[in-house]
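**Q** Take a look at the letters that make up each chain.
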Amino acid sequence: MRLELRAITKRFGSLAANNDVSLVVEPGQIHCLLGENGAGKSTLMNVLYGMITPDSGQILINDQVVTIRDPKDAVAQGIGMVHQHFMLIPVFSVADNIILGSEPLKPWPFIDHRSATERIVALADEYNFDIDPSATIENLPIGQQQRVEILKALSHNAEILILDEPTAVLTPQEADALMVVMRSLKDQGKSIIFITHKLKEVLEIADVITVMRLGEVVGTTTPEESDEAALATMMVGRDVSLVVDKPPAQVGEVVLDVKNLFVQDDRGLTAVKGVSFEVRAGEILAFAGVQGNGQTELVEALTGMRAVMAGTMELNGKNLVGSSVRDVLDAGVGHVPEDRQRHGLVLSLSIADNLVLDQLGSPEYKAWWGRKLKAIEENGKARIAEYDIRAQDESEPLSALSGGNQQKVVMARELSRELKVLICAQPTRGLDVGSIEFMHRQIVAIRDEGVAVVIVSSELDEVVALGDRVAVLFDGMIQDIVAPTTSREDLGLLMAGSRPALNSEPRS
Amino acid sequence: MSTTAPLNVPEIVTLENLRRISRQRALGYGITLMIIGVLEVLWFGGANSSLETTLELGYNSATVMPSIAAGLRVVALLVGLVLLAPVASGRVRALVASRLRFTTGLRGLLAIVGGYLVVWPLALWGGVNHSGALRTMTIPVWTTGYVLGALSIAAGALLAWRRFDRSASPLLLTGMMLFILGFLVWVARGSNVSGLQLQITGILAAAVSAATFLIFGSLSGTLCERSGVVNIAIEGQFMTGAISSVMIVSAMNGSGISKLLGVLVAGLLGALLGWVLAIMSLRYQANQIIVGIVIVAFCTAVTQFLMFQVLDTHENLNGAYALPVWAIPFLSHVPIVGPVLFDQNVLVYVAILGVIIANVALFRTRWGLRVRSVGEKPIASETVGVSVLQMRYSAVILGGFIAGVGGAAFTIGPGTNFTFGMTSGYGYIALAIMIFGRWRPYGALMASLLFGFTIALSANLNIYLSQLVIPQQFISMLPYFITIAAVAGLVGRIRPPAADGVPFSRE
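Residue numbers (the numbering used here), protein chains in the order written: chain A, 1 to 508; chain B, 509 to 1015.
None of these hints come from the bench; they were simulated from the model.
Quick caveat, the model's predicted, so the values are computed rather than measured.
Please note that a few of the clues may not be correct.
Which stretches of chain B does chain A cover? Using the computed rule of at least three CB atoms under 8 angstroms from a CB of chain A, they are [stated by the list, open to error]: (1) 872-885; (2) 890-896.
Just the calculated beta-carbon pair ranges, DEER-fashion [as the list claims (entries may be wrong)]: (3) A/M305 / B/G933: 54 to 64 angstroms; (4) A/G370 / B/F982: 27 to 37 angstroms; (5) B/Q817 / A/W369: 51 to 61 angstroms; (6) B/F610 / A/V325: 51 to 61 angstroms; (7) A/S115 / B/A602: 25 to 35 angstroms; (8) A/L269 / B/L681: 20 to 30 angstroms; (9) A/V251 / B/V1010: 41 to 51 angstroms.
Glycine included, every Cβ here is placed at the ideal spot set by N, Cα and C.
Start from the sequences and build out the full structure, keeping to the hints where you can.
**A** Laid out in structure tokens, this is it:
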């Protein structure tokens, strides 16, 4: 199926999310759509999938103009989409998720579960997927859930598949498996639009690469004609350094000492199972691991947000177990939370207020009558200048900022206190290349000031680039603590729970 | 790690051993059952051995179990045993043709029919009186205590020993029900002499009757919340249904067609209120709870106006007309079960049928799958072309209809006239029952019956407890107390629909 997007324009207020975007996808082609966050890739795909109505422009399928008003139209036209956040219902079975919206009926209105199951099994066999139609989605690993999503699109007879950042949630091994699946789909004549910001993957699998920036197509190229640096420059519009400039660590005393930590998750299951590690002043300990292996609970326990079942946490010899979040912050722990919009910031408050959110009790900003508005305002102005936060002024509500600038606000606030330890969970999630570069430089700078830094990230690139040592979490336990120079294959194996034969660093 | 101090390693909880932990719960339940058994032996078994209690098994001649000749009794007994055999033994099931699948429903049916055929002749041999028909039964109090206690201890010991995690809760619940039965027998001791017979059938029938509007209400809540909308307006739909059905039936002097019309109008007005809730919370995305409360306030005001401005002066519009009572042939003669379940007004059957239909609709049909999907993750439904708003509208309007019919169960169901405030918060209790029933129609049915039982119990205990110092009002608090206990404690780790109460917008 040949797909053509012609001069698509979509505005949100004064902002042009897509401006005169044109794109052609040939049958059996893997077409990579590359761009920073906010470049308009998702808007374009939502237009194609009928979730957003464009202001102007045309969609052509096999050279015929079609109108796509809602996802139903898109599905009818043979367009399937695998969203970054899976559109699966966690408590439903695989079969129910796949048939939802196009249920086979034995006499109306009853669902014909048997023929549905048979069809799914046949389809899974055709593409060599190993899937149990009766399994419940929430019990499946992420990689399997993604296959269910792909299967769902295929069951709607999709001829063109949109994969929206499919590798963001996968281990390196799962990502490799996905590449195999993509190639076999291509061999069957399906077209794929592959959205990502990971340059390595693009070069590995793409037939054609289209790069977007600020809502416009800035160029179309192929892997043969391009390389990582060139693509990054196209994406950002200037030269970016892809490697983190990092002098060797000047390691000092042990600052954070965690022994045999056990933590429960929300369901009451043990999520962190006996984790022990030390972090010294002036070093970065980076935690790698597939999401859902205890990272969230570990960070929440370290910052006092979650109760500790057993074990000890000491900061410069001072016990942290049982401390409130306030006590932990006062002890000198900085926290860049995983979900900045839920835990790090108050979106409806101004930038200036957010910049002092955890310091409102300090005499600098607090007086007997309330807040010292003047001091808060001045602090806001200073930080905005210092961290190059793109905003009109400090009184603007935080919700008006882009993700990257919101993260800068969190970082600016945490670094404005006297820190002994900085804990960053997913510090660059959802950020573009330029912002990532900025965050990384900040983290290395604070390390060189002698602060002990803990990074938790599901991006292996980031872990390897930043970490002085890399701890791999699997199933709530530290599989091993290794040097960042360890090969990606070995790290991938560790993340998947097996132990390759390698020389692990002594645990300090 | 160089620590020399002993490490404190807590038990690691995983999905696999959550099951083991529920087996530990089975141990706790077993011990509780044994304690209940000991209590029964010491308390009820300790009654004076000469005291007896007369149970009333049927409250009128229509509900009396007919007697049969001694020879036929043996036939009934044998047929009953044959029917019970496949329920009890897997070896027997293997003998039956393999085409017949022993589903839970079939087993239940066999157990009920077979059990009846066994109990009937046994009961006739054991305690025939009143001219050969089984109407009352007189049993010694202390023997009852010993039998119930021994059963409870045995069941508890078995549970504690074998740790059946799936049957733990039902067993404990049965044990508690039997304890209440034993307590009633003990409370009514001496009734063979005093004539204050234990109205066991009467209490249970009143329980089902009281449960009727709760079944409608909790079913309405279940449908709405499964689609992701909290229907807190059930109370208002109750009131509207209650007053409108009475006015229509009275205006038409209680003719047969007027009763059908009364129920229908009650339902349609409930559906109209549901539609208002849907418009406000779906199209205009207002807060569902607040819209619901406002609807209840509005309905309160309207019924107050109708009650004190219209019905006060036109008393003929507020008559006591009852829906017909249908006694199902044969089934209504089963002792206890018959009068309780098969000799009720039409709305009771409608409620039970409604539960069955709702269950099939929710879990077997396309509509049900889509409703549940928009209640769990509406954005996922939208991407496969299911209209979230359409599904929610249909569920909320249908739920409103059901709650409106439930309103009719306050007035023309049992045949009382409308009094202001007669719904007394049962619309909210219905939501608690829905939670207790785990957002499932059958759960809602069972939970409603349990709550109905506490309502009937609190009404009937007064007769026997008048010699005690407990004020009647305290006993009337029982249903509400159990509501709080059930919602707070018993429900445990159940999950509501994920998108329950969350408004949906596409962008």
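**Q** Now, for every hint given, state plainly whether the structure supports it.
**A** Cross-check of the supplied hints:
{"no.": "1", "hint": "872-885", "result": "holds (count 10)"}
{"no.": "2", "hint": "890-896", "result": "holds (count 5)"}
{"no.": "3", "hint": "A/M305 / B/G933: 54 to 64 angstroms", "result": "violated, 38 angstroms"}
{"no.": "4", "hint": "A/G370 / B/F982: 27 to 37 angstroms", "result": "violated, 49 angstroms"}
{"no.": "5", "hint": "B/Q817 / A/W369: 51 to 61 angstroms", "result": "holds, 55 angstroms"}
{"no.": "6", "hint": "B/F610 / A/V325: 51 to 61 angstroms", "result": "holds, 56 angstroms"}
{"no.": "7", "hint": "A/S115 / B/A602: 25 to 35 angstroms", "result": "holds, 30 angstroms"}
{"no.": "8", "hint": "A/L269 / B/L681: 20 to 30 angstroms", "result": "holds, 27 angstroms"}
{"no.": "9", "hint": "A/V251 / B/V1010: 41 to 51 angstroms", "result": "holds, 48 angstroms"}
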